[in-house]
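> Construct the complete structure from the given sequences, taking the supplied hints into account.
Those protein sequences? They're chains F and L, same order as listed.
Read in the working numbering, the first sequence has 37 at position 37, and its numbers run on one by one without any break.
Read in the working numbering, the second sequence has 146 at position 146, and its numbers run on one by one without any break.
Hints listed in this document are in silico derivations from the structure and should not be mistaken for laboratory results.
Being a predicted model, the structure only gives us computed values, none of them experimental.
Please note that the accuracy of each hint is not assured.
Unchecked claim - The calculated label-pair distances, taken between Cβ atoms and stated as ranges, are: (1) L:Glu163 / F:Leu136: 39 to 47 Å; (2) L:Gln350 / F:Asp143: 52 to 60 Å; (3) L:Asp263 / F:Gly36: 53 to 61 Å; (4) L:Gln286 / F:Ala43: 36 to 44 Å; (5) F:Leu125 / L:Asp157: 50 to 58 Å; (6) F:Arg124 / L:Gln350: 50 to 58 Å; (7) F:Gly36 / L:Gln116: 29 to 37 Å.
Stated by the list, open to error - Simulated crosslink set (EDC-like; lysine to aspartate or glutamate; CA at most 20 Å straight-line): (8) F:Lys105 / L:Asp263; (9) F:Lys109 / F:Glu144; (10) L:Lys325 / L:Asp396; (11) F:Lys140 / F:Asp113; (12) F:Lys40 / L:Asp293; (13) L:Lys325 / L:Glu30.
Glycine included, every Cβ here is placed at the ideal spot set by N, Cα and C.
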Amino acid sequence: MRIAVIDDSAARAAVIEEGLREAGLTDLHIFLERHGLAAKLEACSPDVVLLNLENPSRDMLEETFALSRALARPIAMFVDQSDENAIAEAVDAGISAYVVDGLRKERIKPVLDLAVRRFQAFNRLQTELAEARSQLAERKIVDEAKLILMKKRGITEPEAYKLLRTHAMQSNRRIADIAQAIVTAENLLGGAL
Amino acid sequence: MSLDPFRIGFLPLVDAALPILAKELGLAEEQGIDLELVRDMSWATVRDRLIYGGTDAAHLVAPLAIASTLGLDRPATPMTVPFVLGLNGNAVTLAPPLAEAIGAQNGLLDSVTLGQRLAALIALRAREGAKLRFGVVHRYSSHNYMLQYWLRGSGVDVARDVEIVTIAPPFAAEALAMREIDGICVGEPWNSVAVERGVGVIINVTSHIWLRGVEKVLAMQTARAEAEGDIVHRLIRALHKAGEVFIDPARHSSNAAILARADYLDGSADLIERAIADRITLAAGQEPVHIPDFMFQHREAANFPWISQAAWLYAQMVRAGHVVKSDEGYAAAQRVFRPDIYRAAFVGTQVPLPGASAKLEGGISETTGVGTVQGRLLLGPDRFFDGRAFDPDQLDAYLAQD
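So, in structure tokens, the structure goes:
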């Protein structure tokens, strides 16, 4: 089974590719570039096309598929409505697929399931990365706020942290938010930091 | 009071303005709705989210709501259009050398003269074996049907002499610059972006092909629209209010600034304001031109879903070979537009409500008073460039003219 993976994210395409290869699907073709995509795809003549849902080339590709004179004419997986939950899950994960008309469903399903799982894993990774980034940024801001407090009030670092925490608890806000307010105020008031 | 959550999918276009303003100006909230807007980059995805439950409604090219109902490219999913989000607002942009070749580089010509010149160029290029290639934003888009209507009405053999391909709106300028296409019919601000980059000249606007022609609609799955009638009524009241704000000249700049935000069009407020204010710069370096009613979002019951407009679109889908004409298909297409829901939402308000649900499209040449069940209503001209009219009761006779 020949599978084309079209994605505007090289990282996500790599994650999908790895998963498919591990499952023994090795006839893989990856396309990241929009230019000349229709012609390249026609030359490749895949049985299955996997495409990220947010890819701006979807309308162009569907038009190409609709006009395709070749016998093997890919249609949206959504046309086979037998498993609506699976489709909703795919849309939710951010994936769309086109399958050559007539290809047996039993053969497609594992590929789609795998692609959905890989997309979900990639999404989780992205979320974790974003969280890690914002945690890092928060830690930096808390450190800055501690420094300001230590300088202004002549207290130690643990004391400064305790002050932040107590204030956060009393006002029912996050420590990072209190820290941000202190740093902003200091900047506005022309502090040295 | 708790708000009802409601999600609307949209593409980054100026005519997504009403849902965006309804949210940002608190008009949806006033109606008890917590509006969430979901931006996508292709109509295919806007449609899939709508069919598979990711969104409750969508800003959609009108023919795509009909295509979804008829089951083209997807399992048939009955759609309901209770409210039209706008009329016209698209333009035809040509690569500068071609605009010059037909003498269209210095201001808009009338669509008949311009169409004849473009038709001659298209025929010449086809004979030379170098067919002109036009982009449209979707196979089932008003852009495609308006462009084809103009070309066909100007004597072009559309199936034989010209190529029409699909290009996503944000890529219009790039595709022109890369010579992937010779021209494009797309919504704003994407023509203006091509003009600013010097890769395109606006040669025509869709309001000069069919004045007051239907463009984007609010589409919902019929099952949802029926189950949530009350929310639908409140939503379209909020959208109507947003239309009032949209056309207020004092608010053009601030509306453009809202649309320009990163979450919405993520573009230049100056370019966006051109379409809002009907002041379009046709070619790089030129002064803007005032094009009255370039886009039409509010007056004259612009948002009323005339069944005859859905019927016209179906007729164009038949002409383009996208559907095979059938009585059932024609009836199903017309059922997508729901003037009854529109009327129910505004009954007892100041909003004028037409008494009829269909009209002779292209039949008004001078502003005319029409019968209403509420309020007073004047309708301005709705002419097609070729002077043809469309009577929804005479589909066969209309198609036989081809």
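> Please go over all the hints and tell whether each is borne out by the structure.
These are the hints, each one checked on the structure:
1. L:Glu163 / F:Leu136: 39 to 47 Å: violated, 51 Å
2. L:Gln350 / F:Asp143: 52 to 60 Å: holds, 59 Å
3. L:Asp263 / F:Gly36: 53 to 61 Å: At roughly 32 Å between Cβ atoms, glycine 36 of chain F and aspartate 263 of chain L fall outside 53 to 61 Å, so the hint is violated.
4. L:Gln286 / F:Ala43: 36 to 44 Å: Hint holds: Cβ distance 43 Å, inside 36 to 44 Å.
5. F:Leu125 / L:Asp157: 50 to 58 Å: holds, 53 Å
6. F:Arg124 / L:Gln350: 50 to 58 Å: holds, 51 Å
7. F:Gly36 / L:Gln116: 29 to 37 Å: holds, 34 Å
8. F:Lys105 / L:Asp263: violated, 39 Å
9. F:Lys109 / F:Glu144: Violated, at about 52 Å.
10. L:Lys325 / L:Asp396: Holds, at about 9 Å.
11. F:Lys140 / F:Asp113: violated, 41 Å
12. F:Lys40 / L:Asp293: Distance ~42 Å between lysine 40 of chain F and aspartate 293 of chain L Cα, so the pair is violated.
13. L:Lys325 / L:Glu30: violated, 44 Å
Taken one by one, the earlier hints fail for this structure at numbers 1, 3, 8, 9, 11, 12 and 13, listed in ascending order.
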